[in-house]
Structure formats: C-alpha cells, structure tokens
Amino acid sequence: MNLYRQLQSFFTLLKTGEFSKGIRFAVAAIVPLLVTSQMGEIKIGIAMAVGVLLTSPSDVPGSLRRRVIGVSLSIAIAVAATILTGLSLAYPVFFIVVLVLQIFHYSMISVFGFRASLIAFSGLFAVVLSMTQVTAEGSILLHAFWIGMGGVWYLLFSLFFHYLLQRRETDQLLRDVFELTAQYLEKRSHLMSVTDEKREQAEKELFALQTSINEKHEIIRELVITRRKNFGRSEMVRKRLLIFMELVDILELGMAHPVNFSRMRALFVSHEDKIQHIQEWSLVMAAHLRILGQTPQNKFLNLEEGELLIKRRQAWKAYKEFEASANKSTDAEALLVYRNFLNFKEKQHQKLLSLMRLMKEWKGDEKLKLGRKDAAKFLTTPDYNFKTLQDNLDFKSPIFRHSLRLTVVMALGYVIGEFFAVQNAYWILLTTLVIMRPGYALTQERFKHRLYGTLIGGAVAISLVFFIRNQTVYAILAVICLVLAHSMIQRNYKTAAAFITLNVIFVYSLLKPNVLEVIEFRVLDTVVGAGLAFLGAKFLWPTWEYTLIQNFIRESIKANLSFLKEVEAFYNHKSALPASYRLARKKAFLAMGDLNAAFQRMAQEPKTDKKHLEEIFRIVSLNQEFLSATVSLGTFIRSHPTTKASAHFANYLSAIKANLQASVKNDEAQKEDLSEEIDRAATFYENLYQELLDLEKDESVEKEGVREKLQEVHILTDRLKWLLEMSEGLQKTMGVKR
1 MNLYRQLQSF
11 FTLLKTGEFS
21 KGIRFAVAAI
31 VPLLVTSQMG
41 EIKIGIAMAV
51 GVLLTSPSDV
61 PGSLRRRVIG
71 VSLSIAIAVA
81 ATILTGLSLA
91 YPVFFIVVLV
101 LQIFHYSMIS
111 VFGFRASLIA
121 FSGLFAVVLS
131 MTQVTAEGSI
141 LLHAFWIGMG
151 GVWYLLFSLF
161 FHYLLQRRET
171 DQLLRDVFEL
181 TAQYLEKRSH
191 LMSVTDEKRE
201 QAEKELFALQ
211 TSINEKHEII
221 RELVITRRKN
231 FGRSEMVRKR
241 LLIFMELVDI
251 LELGMAHPVN
261 FSRMRALFVS
271 HEDKIQHIQE
281 WSLVMAAHLR
291 ILGQTPQNKF
301 LNLEEGELLI
311 KRRQAWKAYK
321 EFEASANKST
331 DAEALLVYRN
341 FLNFKEKQHQ
351 KLLSLMRLMK
361 EWKGDEKLKL
371 GRKDAAKFLT
381 TPDYNFKTLQ
391 DNLDFKSPIF
401 RHSLRLTVVM
411 ALGYVIGEFF
421 AVQNAYWILL
431 TTLVIMRPGY
441 ALTQERFKHR
451 LYGTLIGGAV
461 AISLVFFIRN
471 QTVYAILAVI
481 CLVLAHSMIQ
491 RNYKTAAAFI
501 TLNVIFVYSL
511 LKPNVLEVIE
521 FRVLDTVVGA
531 GLAFLGAKFL
541 WPTWEYTLIQ
551 NFIRESIKAN
561 LSFLKEVEAF
571 YNHKSALPAS
581 YRLARKKAFL
591 AMGDLNAAFQ
601 RMAQEPKTDK
611 KHLEEIFRIV
621 SLNQEFLSAT
631 VSLGTFIRSH
641 PTTKASAHFA
651 NYLSAIKANL
661 QASVKNDEAQ
671 KEDLSEEIDR
681 AATFYENLYQ
691 ELLDLEKDES
701 VEKEGVREKL
711 QEVHILTDRL
721 KWLLEMSEGL
731 QKTMGVKR
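Residue numbers (the UniProt record's numbering): 1 to 738.
Heads up, some of the hints might be wrong.
[What the hints assert, rightly or not] Quick list of the computed label-pair ranges, beta carbon to beta carbon:
no. : residue 1 : residue 2 : range
1   : Lys721    : Gln350    : 25 to 35 angstroms
2   : Leu358    : Ile416    : 55 to 65 angstroms
3   : Ser675    : Leu283    : 42 to 52 angstroms
[As the list claims (entries may be wrong)] In silico DSSO-like links for lysine-lysine, alpha-carbon gap of 27 angstroms or less:
no. : residue 1 : residue 2
4   : Lys665    : Lys586
5   : Lys558    : Lys396
6   : Lys709    : Lys347
7   : Lys586    : Lys351
8   : Lys657    : Lys187
9   : Lys387    : Lys665
10  : Lys665    : Lys574
11  : Lys565    : Lys538
12  : Lys198    : Lys15
13  : Lys204    : Lys709
14  : Lys494    : Lys15
15  : Lys187    : Lys587
Worth flagging that the hints you see were computed from the coordinates, not collected in a lab.
For clarity, every value in this text was computed on a predicted model and none was experimentally measured.
No residue lacks a Cβ here, since even glycine has one placed at the ideal position from N, Cα and C.
Taking the hints into account, I'd like the entire structure generated from these sequences.
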C-alpha cells in the first residue's frame with residue numbers, strides 16, 4: 001500500500017508545474033554545454049550553465065513584470081558576486097572581509113519578501129560557487145560575463161515558455177487549489193465526528209492545510225488579476241478569475257457552520273445517523289471538486305452528477321423523516337440546527353454546480369462582480385521602500401539576526417575548510433547556505449532532511465557505481481537526477497537532497513575516475529556544513545518563534561475584527577456585496593494562515609514548554625473558530641432574506657468588538673461595560689426564539705415566513721453568543737485583567 005502511494009505520488013509529480021520547471025531548467029543548463037562543447041569552448045558552456053543555476057531560483061510564479069525584474073536582479077547580483085569573490089580570492093585575509101560583507105548584505109535583501117529572498121540566495125550561491133577556482137586559468141571578468149549571458153539565456157528561455165504555456169501555469173495552480181480545497185472539505189467534514197482526544201491533531205492538520213491554500217490563493221490572485229489588468233476583457237482570464245472566486249466561496253462555505261461541533265454532537269447524541277448523511281454529502285462534494293480539478297479542459301470534462309444528487313436527496317430525506325418523528329419539545333433545537341446545516345450544505349452544493357456549469361458551458365456572458373480597481377486591491381504588494389531595510393537593521397529583526405548568524409557560520413565554515421585543507425571546502429558553505437533559515441524550527445527540519453537525503457543519495461550512488469561502469473549511463477542519470485531534484489526541492493526537500501547528491505556524484509564520475517572518494521568527501525562535507533548550520537541556529541542569536549507569535553496573534557485578531565465589521569455593515573445595509581467585504585475576508589484568511597504557520601514552527605522548538613504551547617494552541621483555535629463563526633454569520637446574511645438589524649444585535653457586536661480590541665491592546669481600561677445591554681439582548685433573542693417556536697408548533701396559526709424568521713433568530717442567537725464567548729476567551733487567554 002505504501003509503495004502504491006509512493007508511485008501515485010511520483011506520477012502526480014510528473015503532472016505538476018514543478019516538474020515542468022525542472023525540465024525547463026535542465027534543458028536551459030544543458031543546451032549551452034552541448035553547443036559550446038561542439039565549438040571547443042566548454043568553459044563558456046560551464047559558465048553559462050552556472051548562470052542558469054544562479055538565476056533560476058528567483059523564477060517563481062507571479063506576474064510577468066515581477067518575474068522579469070526578479071530574474072534580472074538575480075543576474076546582476078550573481079555577476080557582481082562572482083567578480084568580487086573572484087578578484088579577492090587570491091588574498092585570504094582580504095577575501096574573508098569581502099566574504100563577510102557580501103553574505104551579510106545579500107542576506108538582508110530578504111526583508112523585502114519571498115521573491116527578494118530568492119534573489120538574495122542567487123547572490124549567496126554565486127559567492128560560494130566562485131570559490132571553486134574554476135577561473136584560475138582565465139579571466140574573472142570574462143567568466144562573470146558568460147555567467148551573466150547564461151542568466152540572460154535562461155530569462156529568454158523562460159519567457160518563451162511563459163508565453164507558450166501561460167494558460168497551463170494558471171491551470172496547474174487552479175488544479176492545486178481544487179485539490180487542497182477538496183482536502184479541506186474532507187478534513188472539515190471529519191471534524192463533525194472526531195473524538196475529543198483526536199480533535200487537537202485534526203485541527204492542526206486543518207491549520208496546515210489552510211496555510212497551503214492561502215499561499216496558492218495569493219499566487220493565483222497575482223497571476224489572474226495582473227493579467228486581467230493587462231489583457232482587459234480576455235475570455236481566458238475572466239473565466240479563470242470567476243473559477244477562482246467560486247473556489248474561494250466554496251472554501252468559505254466549508255468553513256461556515258451554523259453551530260460549533262461540540263454543541264452539535266450534544267444535540268445529536270441519539271441521532272448520529274443524521275450527521276453521517278451530512279458527512280457523506282460533504283465527502284461526495286469534495287470528491288467532485290477533486291475530479292473537476294483534474295479535468296480542466298472543457299472537452300475532456302464528463303462529470304457524473306448522479307451520486308452528488310443522490311447524497312443530497314438522502315440528506316434532505318433524513319431531515320424529513322427526522323421532522324416527522326421528532327419530539328417537538330425536546331428535539332426542536334436539533335431539528336432547527338439540522339435544517340440550518342443542510343441549508344449551508346445546499347449553498348455549497350449550488351456553488352459546486354455553478355462551478356461545474358462554468359467549466360463545462362462557458363459562454364463568455366457571465367459577469368464579474370469585481371471591478372478592475374477593486375480587483376487590484378486584492379494584490380499583496382511588497383513594500384520595497386528603503387525604510388523597510390532601515391527598520392530591520394535592529395537586533396529585534398529576525399532577518400537581521402539571521403544575516404549575522406549566516407555570516408558568522410559561513411565565515412567559520414570557510415576557515416575550517418582552509419585550516420584542514422578540505423578538498424572541496426565550498427561544499428561545507430553550500431550545505432550551510434541551503435540549510436540555515438531565519439527560525440530554528442525550519443533550520444532543524446532542513447538539517448534532518450539534508451542529512452538523511454545526502455546519506456540516502458550517497459548509499460544509492462555507491463550501489464549504482466559498483467554495478468554501472470558506463471559514462472553515457474552516468475550522463476543520462478545525472479540529467480534525470482537534476483530534473484527530479486529541481487522538481488522536488490519545494491515539495492519534498494529530503495528526496496530533493498538525495499537527488500542532488502546523486503547528480504553531483506554522477507557529474508563528478510564523468511570528470512574524475514575515483515568516484516568513491518568523491519562520495520566520501522561529499523558526505524563528510526555535508527555533515528560538517530549541516531552541523532555548523534544546526535549549531536549556529538541554536539546558539540548564535542537564535543530567533544525563537546514563541547517570542548514572535550504574539551505579533552501574528554494580534555494581526556489575526558485585528559483581521560477578524562475588520563471582517564466582523566464588514567459583516568455588521570452588510571447586515572445593516574444589505575445591497576450588492578461590496579469589494580471591501582471580500583477584501584476583509586481575504587485578509588482574515590491570510591492572517592489566520594500566517595498564525596497557523598507560526599504555531600507549527602513554534603511547536604518544533606525545544607524551548608517551548610508544554611503549558612505555554614497549550615495556551616498558544618488555545619488562542620490559535622479560538623481565532624480559527626472566531627473566523628469560522630464570522631464566516632457562518634456573513635454567509636447566512638448574504639444568502640438569506642433577513643429582517644432589519646436590531647439595537648440588540650448592535651449591542652452584541654459592540655461587546656464582541658470591545659473584547660477583541662482589549663485583547664489586541666492588552667488593556668481593558670477603555671472598555672465600556674455592556675453587560676446589562678448583553679443581558680437584555682440575550683433575553684430579547686430568547687423570548688423571540690421561543691415565541692417563533694411556539695408559532696411553528698401551533699398548527700392553527702398561519703406559518704408563512706415563520707420558519708425563515710425562526711431560522712434567522714436561531715443563527716443570530718447561536719453565532720452572537722458563540723462570538724461573544726470566544727472573544728471573552730481570547731481576552732482572558734491573552735492575559736487581560738478583568
């Protein structure tokens with residue numbers, strides 16, 4: 001079974017954008033080698049291949065403008081680093097000064113965001129590779145020039161494929177979102193029946209999944225919205241933007257529930273089969289979403305809707321049977337919750353059908369409810385202001401501490417290599433460079449994966465070298481390993497490290513007869529470099545996540561507060577859904593994803609005591625549940641006719657917002673006492689609910705509109721109480737003195 005999953009995972013990899021990029025990278029690196037070898041100028045080919053290697057990391061998905069600027073800056077930095085390192089290498093003392101300055105300055109570029117960190121990596125990588133002495137017999141400036149030409153060649157090659165395959169790139173990202181959203185719906189469905197003992201682990205898995213979804217959403221927003229600005233009314237762009245918006249709505253509906261799960265289990269303790277019907281319906285919707293993602297081409301789409309409709313009918317039939325047999329006194333709330341739950345699932349079902357029609361029967365007449373100016377607001381634009389760099393020149397900045405740490409460790413690695421006359425000292429520095437990350441948790445994870453991957457790769461290489469003595473086979477295997485290493489580096493670093501080791505060994509086997517010696521030094525240098533990286537991360541100005549997570553918590557609470565205000569505003573003035581609502585929702589989702597990721601990193605740190613970890617997990621869970629409850633409230637208000645918002649609703653919201661603001665500021669001094677207003681509001685909603693419930697039970701009374709009002713009152717009462725309870729829980733857990 002495990003072998004089957006691994007094979008399935010491998011074949012899935014072959015369909016991904018990472019694999020396509022791996023092939024493009026390998027072709028771009030090999031073509032200069034083949035051409036220049038025919039011309040008798042293999043050194044030029046090697047320099048150009050190095051240029052491809054140095055510039056390709058910054059070529060990540062995003063708008064065309066950012067990709068071109070990113071790769072161009074990588075070329076410039078790689079050329080500059082090659083010249084500076086090459087010219088100073090002959091003077092050891094001077095070289096250490098140049099090495100230290102370059103490492104620190106390039107590392108600090110990372111303050112400008114993810115793409116900037118990859119540009120910084122190009123510069124650092126160039127510094128290390130320039131220490132290989134490949135230009136001992138030639139001109140350093142000429143070598144740097146050909147590295148730059150290699151980078152330009154890669155940029156042109158990448159642009160060619162961008163224009164050729166730009167639809168495929170977006171479609172692949174959408175496929176990933178389809179798959180991740182399907183997984184989210186499945187895990188969210190399983191939460192309905194999971195035991196309390198397993199709930200914490202299930203929620204952590206859900207947190208990690210939501211973080212991955214947010215990352216994909218950000219890339220797609222940048223791609224699709226930027227293309228819409230550039231190409232105007234392009235049918236392809238409009239269709240993909242509509243598909244993406246439907247996917248976000250489906251995710252929102254998956255997060256929304258009319259009642260928290262613990263309350264639901266208590267209500268349905270003797271009706272568990274009813275929950276099972278909802279779960280089965282949810283799982284079938286997730287399965288259909290997955291199939292939709294696997295068949296993006298209209299002409300290949302042949303999705304059977306039968307099972308989806310069957311599960312829908314079964315769920316509603318179970319409700320009718322429950323309604324007919326229920327005790328009107330004891331089961332009234334359970335019956336109402338069940339109907340509300342089915343209504344939420346019905347909305348999700350309709351969104352899925354809408355998505356299916358959109359993909360199968362695109363006519364181009366579907367209207368976007370998002371103007372271009374509003375759409376541009378959804379793009380997350382990095383702040384490239386010089387002040388950002390200035391603000392981070394402080395020991396409180398994780399990037400500043402990481403830059404210092406990396407500088408010291410790499411300088412130490414160079415000194416160790418020189419002192420012990422290590423054959424390939426740059427391997428120590430290269431290992432340190434790829435393992436060290438700003439946080440301890442990520443460095444520890446990379447340390448393990450790099451070490452295991454190198455040992456596995458070395459063991460496999462020894463086995464293959466003993467049985468294979470053919471240079472042509474070595475060359476073919478080197479190319480295959482290069483493609484797979486590049487494809488796996490973001491997906492599975494351990495496997496990527498194994499393929500990197502295999503690639504290096506096969507390349508050296510083409511150049512040197514003593515391959516076993518190469519393997520020995522490769523493994524030894526990796527162990528030394530990995531050890532330096534791990535020790536540096538732990539003892540040199542370490543950045544512990546538990547000292548930073550309060551910032552993520554505050555940002556998440558602020559984002560939830562902004563989203564709640566948008567829900568309140570929409571309820572008070574119902575009209576077309578404003579872009580500000582979607583924007584606030586997006587920011588709340590992203591802030592929650594950042595908090596989830598920070599908590600996962602914190603959980604891996606040795607200095608995090610169990611009690612503190614449990615407190616933080618409670619805060620993360622409360623934030624997640626608060627967002628879910630807000631989404632539920634907003635979804636209901638958007639999709640149902642509602643009565644005018646009352647003063648009691650406003651009082652509830654005022655108390656909830658006050659609690660959140662007090663949690664963020666850690667100060668209750670300015671908080672207004674609304675306990676009397678809340679008591680009156682609770683009494684009002686309870687009396688109204690009971691009054692409507694009595695009308696519902698009374699068969700002699702005309703019931704037109706009663707059920708809808710009862711549904712609204714129940715949702716409002718439950719959501720408002722839950723939001724208030726969670727805001728108070730956040731306030732208490734955050735340490736606000738009451």
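Hint check results:
At about 28 angstroms, the CB distance of Lys721 to Gln350 agrees with the hint of 25 to 35 angstroms. Checked against the hint of 55 to 65 angstroms, the C-beta distance between Leu358 and Ile416 comes to roughly 60 angstroms, which is consistent with it. In this structure the supplied range 42 to 52 angstroms holds for Ser675 paired with Leu283, their Cβ-Cβ distance being about 43 angstroms. This hinted pair checks out: Lys665 and Lys586 have alpha carbons roughly 23 angstroms apart, not beyond 27 angstroms.
The hinted pair formed by Lys558 and Lys396 meets the criterion: a straight-line CA distance of about 22 angstroms does not exceed 27 angstroms. About 18 angstroms separates the Cα atoms of Lys709 and Lys347, which keeps this hinted pair within 27 angstroms; it holds. Taken as a hint, the Lys586 and Lys351 pair is honoured in the structure, with Cα atoms around 19 angstroms apart against an allowance of 27 angstroms. The hinted pair formed by Lys657 and Lys187 fails the criterion: a straight-line CA distance of about 30 angstroms is larger than 27 angstroms.
Restraint check for Lys387 and Lys665: the C-alpha separation of about 26 angstroms stays at or below 27 angstroms, so the hint holds. Among the hinted pairs, Lys665 with Lys574 is inconsistent with the structure: their alpha-carbon atoms are about 32 angstroms apart, more than 27 angstroms. Annotation: proposed proximity of Lys565 to Lys538 is violated, straight-line Cα distance about 42 angstroms (limit 27 angstroms). Taking the CA atoms of Lys198 and Lys15, the gap is about 34 angstroms. The hint is violated against a cut of 27 angstroms.
With a CA separation close to 37 angstroms, the supplied pair Lys204 and Lys709 exceeds the 27 angstroms bound. With a C-alpha separation of about 20 angstroms, the suggested pairing of Lys494 with Lys15 holds against the 27 angstroms cut-off. At most 27 angstroms may separate the alpha-carbon atoms for a hinted pair to count; Lys187 and Lys587 meet this at roughly 23 angstroms.
Of the hints listed earlier, those the structure fails to meet are numbers 8, 10, 11, 12 and 13, in rising order.
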